[in-house]
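Enquirer: Each chain, letter by letter, is given below.
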Amino acid sequence: MAEELIIETHELVKSFGKFTAVKGLSLAVPVGSIYGFVGPNGAGKTTTMRMLTTLTRPSNGTAWVAGHSVTSEPRAVRRSIGYMPDEFGVYDDMRVWEYLDFFAACYDIPENERKRLINDLLELVDLTHRRDDMVDKLSRGLKQRLSLARTLAHDPQVLILDEPASGLDPRARVEIRELLVELASMGKTIFFSTHILADVSEICTHIGIVEAGEIIAQGSMEEMRAQLQPHREITVTVRDEETAQKVMALMQNRDLVIGVTELKPQGGRARVRIDFTGDDDGVADLSQALNNEGIAILGFAEEIKDLETMFMSVTKGIVS
Amino acid sequence: MMSTLTAPAPNEASGPITAIEPLSPREARLERAARVLRWAAISNVLLALLTGVGVLLAAAQVDPGVFPTLHDVFLSRYVGASDLALALVILLLFLNMSALLVVMVGVLAREIWAIPALWLLVLLNVSGVVALGFAFGAVTAIAAVWAGVITGRDLQAFRFNPVMLKELRGRMRGVRAFAVMSVYLTLMSTFAMLLYLIYNSIGRGTGSAAAGELGRVLFVGVVGIELLLIVFIAPAFTAGAITGERERQTYDLLRTTLLTSPSFVTGKLESALGYILLLLLAGIPLQSIAFLFGGVSEVEVLLSFVILMITAITLGTIGIYFSAVMAKTLRASVRSYSVILGVMFIVPVVLSVIISLVRDILFVQLNVLLSPALEALLDYTEALLTALNPVTTALRTQELLVNQQIVGFWRATLSSDGSTIPMVSPWITFAIIYLTVSALLIVLAIRRTRAVEV
Numbered sequence: 485m486a487e488e489l490i491i492e493t494h495e496l497v498k499s500f501g502k503f504t505a506v507k508g509l510s511l512a513v514p515v516g517s518i519y520g521f522v523g524p525n526g527a528g529k530t531t532t533m534r535m536l537t538t539l540t541r542p543s544n545g546t547a548w549v550a551g552h553s554v555t556s557e558p559r560a561v562r563r564s565i566g567y568m569p570d571e572f573g574v575y576d577d578m579r580v581w582e583y584l585d586f587f588a589a590c591y592d593i594p595e596n597e598r599k600r601l602i603n604d605l606l607e608l609v610d611l612t613h614r615r616d617d618m619v620d621k622l623s624r625g626l627k628q629r630l631s632l633a634r635t636l637a638h639d640p641q642v643l644i645l646d647e648p649a650s651g652l653d654p655r656a657r658v659e660i661r662e663l664l665v666e667l668a669s670m671g672k673t674i675f676f677s678t679h680i681l682a683d684v685s686e687i688c689t690h691i692g693i694v695e696a697g698e699i700i701a702q703g704s705m706e707e708m709r710a711q712l713q714p715h716r717e718i719t720v721t722v723r724d725e726e727t728a729q730k731v732m733a734l735m736q737n738r739d740l741v742i743g744v745t746e747l748k749p750q751g752g753r754a755r756v757r758i759d760f761t762g763d764d765d766g767v768a769d770l771s772q773a774l775n776n777e778g779i780a781i782l783g784f785a786e787e788i789k790d791l792e793t794m795f796m797s798v799t800k801g802i803v804s
Numbered sequence: 206m207m208s209t210l211t212a213p214a215p216n217e218a219s220g221p222i223t224a225i226e227p228l229s230p231r232e233a234r235l236e237r238a239a240r241v242l243r244w245a246a247i248s249n250v251l252l253a254l255l256t257g258v259g260v261l262l263a264a265a266q267v268d269p270g271v272f273p274t275l276h277d278v279f280l281s282r283y284v285g286a287s288d289l290a291l292a293l294v295i296l297l298l299f300l301n302m303s304a305l306l307v308v309m310v311g312v313l314a315r316e317i318w319a320i321p322a323l324w325l326l327v328l329l330n331v332s333g334v335v336a337l338g339f340a341f342g343a344v345t346a347i348a349a350v351w352a353g354v355i356t357g358r359d360l361q362a363f364r365f366n367p368v369m370l371k372e373l374r375g376r377m378r379g380v381r382a383f384a385v386m387s388v389y390l391t392l393m394s395t396f397a398m399l400l401y402l403i404y405n406s407i408g409r410g411t412g413s414a415a416a417g418e419l420g421r422v423l424f425v426g427v428v429g430i431e432l433l434l435i436v437f438i439a440p441a442f443t444a445g446a447i448t449g450e451r452e453r454q455t456y457d458l459l460r461t462t463l464l465t466s467p468s469f470v471t472g473k474l475e476s477a478l479g480y481i482l483l484l485l486l487a488g489i490p491l492q493s494i495a496f497l498f499g500g501v502s503e504v505e506v507l508l509s510f511v512i513l514m515i516t517a518i519t520l521g522t523i524g525i526y527f528s529a530v531m532a533k534t535l536r537a538s539v540r541s542y543s544v545i546l547g548v549m550f551i552v553p554v555v556l557s558v559i560i561s562l563v564r565d566i567l568f569v570q571l572n573v574l575l576s577p578a579l580e581a582l583l584d585y586t587e588a589l590l591t592a593l594n595p596v597t598t599a600l601r602t603q604e605l606l607v608n609q610q611i612v613g614f615w616r617a618t619l620s621s622d623g624s625t626i627p628m629v630s631p632w633i634t635f636a637i638i639y640l641t642v643s644a645l646l647i648v649l650a651i652r653r654t655r656a657v658e659v
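Residue numbers (my numbering), protein chains in the order written: chain A, 485 to 804; chain B, 206 to 659.
Source of the hints: derived by calculation from the structure; they are not laboratory data.
Treat the hints with care, as some may be off.
What the hints assert, rightly or not - Partial list, derived from the structure: chain B residues whose beta carbon lies under 10 Å from chain A: (1) 236; (2) 324; (3) 359; (4) 360; (5) 361; (6) 641.
To be verified - Quick list of the computed label-pair ranges, beta carbon to beta carbon: (7) B:228 / A:670: 22 to 30 Å; (8) A:599 / B:360: 56 to 64 Å; (9) A:501 / B:261: 23 to 31 Å; (10) B:479 / A:487: 49 to 57 Å; (11) B:547 / A:595: 41 to 49 Å; (12) A:553 / B:550: 43 to 51 Å; (13) A:543 / B:535: 38 to 46 Å.
Note that this is a predicted model, so its numbers are computed, not measured.
Idealized CB from N, CA, C, for every residue including glycine.
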C-alpha cells in the first residue's frame with residue numbers, strides 16, 4: 485500500500501484462557517485518516533484497542549503505532565497516542581481545570597506551560613465556561629468532551645477512541661462528530677470504534693469491519709462501497725411468469741448486465757433482478773429497451789444500499 | 206476464581222524496577238542514577254550478611270581474636286565493646302540499605318526531596334566514616350555522590366508529585382478536611398480531660414512527683430490514642446489507593462500516560478502520609494500539656510513521634526502493597542489488616558508470652574540453670590519480638606528511658622553466669638526492621654503496578 489500507515493497490526497491475537505477474543509487481526513490505518521472500527525458488541529474492538537494502547541499484551545502477532553512496537557516500546561507508543569476508553573473515569577473532588585492539569589502533569593508538561601494549554605484545550609472543546617465546575621457533576625456529553633480534551637493534552641499524533649459517541653443524546657453526538665472532524669483537520673489520525681453506522685458514513689475516510697475477532701473488510705470509504713456494492717441491483721416487476729421469462733431473455737445478453745435472476749413472486753406479481761454495472765444513462769437505456777419490446781412493466785426500481793445493509797450483508801451475525 | 210480477585214500478574218519480561226524504557230536523555234540519566242543506588246543497596250545487604258557471618262564465627266569462639274579484629278576494621282573509632290560495635294555495624298548497614306532504596310525510588314519518581322535526601326545520606330555516611338571509622342559507609346557515600354553528580358546535571362527534572370498534588374487537593378477541599386480535624390481534636394481533648402479527671406478523683410496525693418505522674422499518664426494516653434488511630438487509618442488510606450483507581454476506571458487512563466509507576470506509588474503514599482503527619486502535628490499541643498505537669502522529657506516526645514511516624518509509614522506501605530496486588534479495595538483492606546494484626550500483634554504477643562512462660566518455669570519453678578548462650582538467645586528473641594510491635598516498642602523504650610536513662614545501647618546481665626551481652630533500645634531495632642520492610646514493599650508495589658496486563 486502506498487499510503488503511510490500510522491497504526492499497523494499483523495496477525496494480532498489475544499486469548500483469555502480458552503476464549504480467543506481477537507483472532508489474527510491485521511489493521512492498516514493511514515496517517516491523517518478518520519478510521520471507523522465497526523463491529524457488533526463483543527467482536528473484539530475494545531480488546532484490540534487495549535492492545536494498541538499498551539494496556540494489554542498481545543498473545544501473538546505484532547502491532548505498531550506511530551512506528552513503535554506496542555510490546556517493546558510501550559512508553560513511546562503512549563507518548564504518541566491519546567486514549568479514551570468507553571467508560572469515562574471520574575475523579576470526585578476535582579474541578580475541570582484540575583482534571584486537565586493533572587493529566588498534563590502526568591504527560592510531563594512543565595507547570596508554566598500548563599495554564600495556557602488548559603485554556604486552549606477548554607476552548608477547543610467549548611468548555612471554557614465550565615472551567616471551575618466539579619468533574620463528576622458534568623453531563624455525559626460534557627464529560628465526553630472533557631475526556632477528548634484530556635487525550636489532546638500532550639499533542640499526540642493518534643487518537644484512539646473507544647465508542648466516543650455511545651450513550652450520548654443526538655445533539656451531543658453530532659457535537660462530538662464535529663469535534664472529531666475538526667481534530668482530523670488539525671492533522672490528527674483518529675481511530676475510533678463504534679457500532680453506530682451513521683457516525684461512520686458521516687465522517688469516516690476509512691473503515692474496518694470486524695466480527696468475532698476478525699477483520700472482514702477494510703479500506704477507504706470509496707473502496708468499501710465499491711467492494712461491498714460492486715454493481716447496481718434493479719428489480720423489475722411484471723404481471724406474470726411468462727412476461728418475466730421474456731424480460732430475462734431480453735436482458736441476458738445486453739452489455740454491462742452481469743446477472744439476471746428471477747425473484748420470488750410477490751403479491752401475485754413476478755419479479756426479476758438485474759445486476760448491472762452501467763451508469764445512470766445505462767439504467768435509462770434498460771428501461772427504454774423493455775418499453776420498446778412492448779413489455780408491460782409494473783415497477784422498475786433500483787435498490788440503493790446504505791451502509792447498514794452493506795454491514796448486514798458482510799457480517800454474518802456470528803456474535804449476535 | 207483467584208484470577209478475578211487478584212490483580213493481573215506481573216509480566217515475566219518486566220525485569221528489574223529500574224528497567225523503565227527511557228524516552229529522553231533526562232529519563233536515561235535518572236535510570237542511571239537509580240541503578241547506582243540500587244547496586245549500593247544490594248552491596249549493603251551483602252556486607253551486612255558478611256558481618257553477620259563474622260559475628261557468628263566470633264560468638265562460636267572459633268578464634269577469640271575475631272571480635273576485636275572486626276571491630277578494628279569496621280568501626281575503628283568507636284570506643285566500646287567489640288560485640289556492640291559489630292551490632293552497630295549491621296544496624297547501620299540495614300539503615301543505609303533502606304535509605305538507598307527510598308532515595309532510589311525518589312530519584313525515579315523525580316521527587317523534589319530526593320536531592321536533599323541524597324546529599325544528606327552522603328553527609329551522614331561521611332561523618333560516620335570520620336567520627337566512628339565506619340568503613341562500610343564509604344560504599345553508600347560513594348554511590349550517593351555518584352548519583353548526586355548524575356542527577357545534579359538536570360535538577361529541573363525534580364518536581365512536586367502530580368499524584369500527590371491531586372490527592373491532597375481533593376482531600377483538603379471544602380469543609381470536610383476541616384470537620385475531620387475538628388472532630389479528631391475534640392475527641393482527643395475529651396479523652397485527655399477524662400484521663401485527668403479520673404486520675405484526680407483517685408487522688409494520689411499532691412506535690413511535684415504526683416503532678417509528674419499525671420503528666421506521664423496524659424502523655425502515654427494521648428500517644429496511645431494516636432497510635433491506635435494510625436493503626437486504623439494508615440492502611441485504610443492506602444489500601445484503596447491503587448484499587449480505587451481501578452474501580453473508578455481511571456487506572457487505565459493513568460497507565461496510558463507517561464506517569465511512571467514510581468511516581469504513581471510514591472505520590473499515593475505521600476498524600477496518605479502527609480495527612481497523617483498533619484493529624485500528628487495537630488496533636489502535639491495536646492501532648493505538650495504533659496509538660497505543664499512535668500515528668501515527661503523532650504527525648505520521650507521526640508521518640509514517641511519517631512515511633513508513630515515509622516508505624517504510619519510501614520502500615521501505609523503495607524496498604525499500598527496489597528492495593529497493588531489485589532483487584533478490589535475490600536480485599537486489599539482485609540489483607541492489609543489481617544497481615545498487620547497477625548505479624549505485628551498476634552504473633553509477637555503470643556510468642557513473648559510463651560517465652561516468658563518457659564523462662565518462668567525453667568528458672569523459677571524448676572530452678573534449672575540455662576547455659577549463657579541459650580539465655581542470651583532467649584533475651585535476643587524477646588527483644589526482637591518486642592520490636593515487632595509498635596505498642597510494646599513504645600512501652601519498653603519508655604521504660605528503659607525513664608528507669609535507666611537509656612536511649613540507645615546498653616548491656617544486659619545474664620542471670621546464668623553474670624556476664625553481660627549488648628542490647629539495643631527496642632525503638633532502634635523497630636525503626637530498622639520497619640523501614641527495611643517499608644522500603645522493600647514500596648519497591649515490590651512499584652514492580653507490581655508497572656507490569657503490563659497479560
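Enquirer: Can you name, in rising order, the numbers of the hints this structure does not satisfy?
Expert: The structure conflicts with hints 1, 2, 3, 4, 6, 8, 9 and 13, although it agrees with all the remaining ones.
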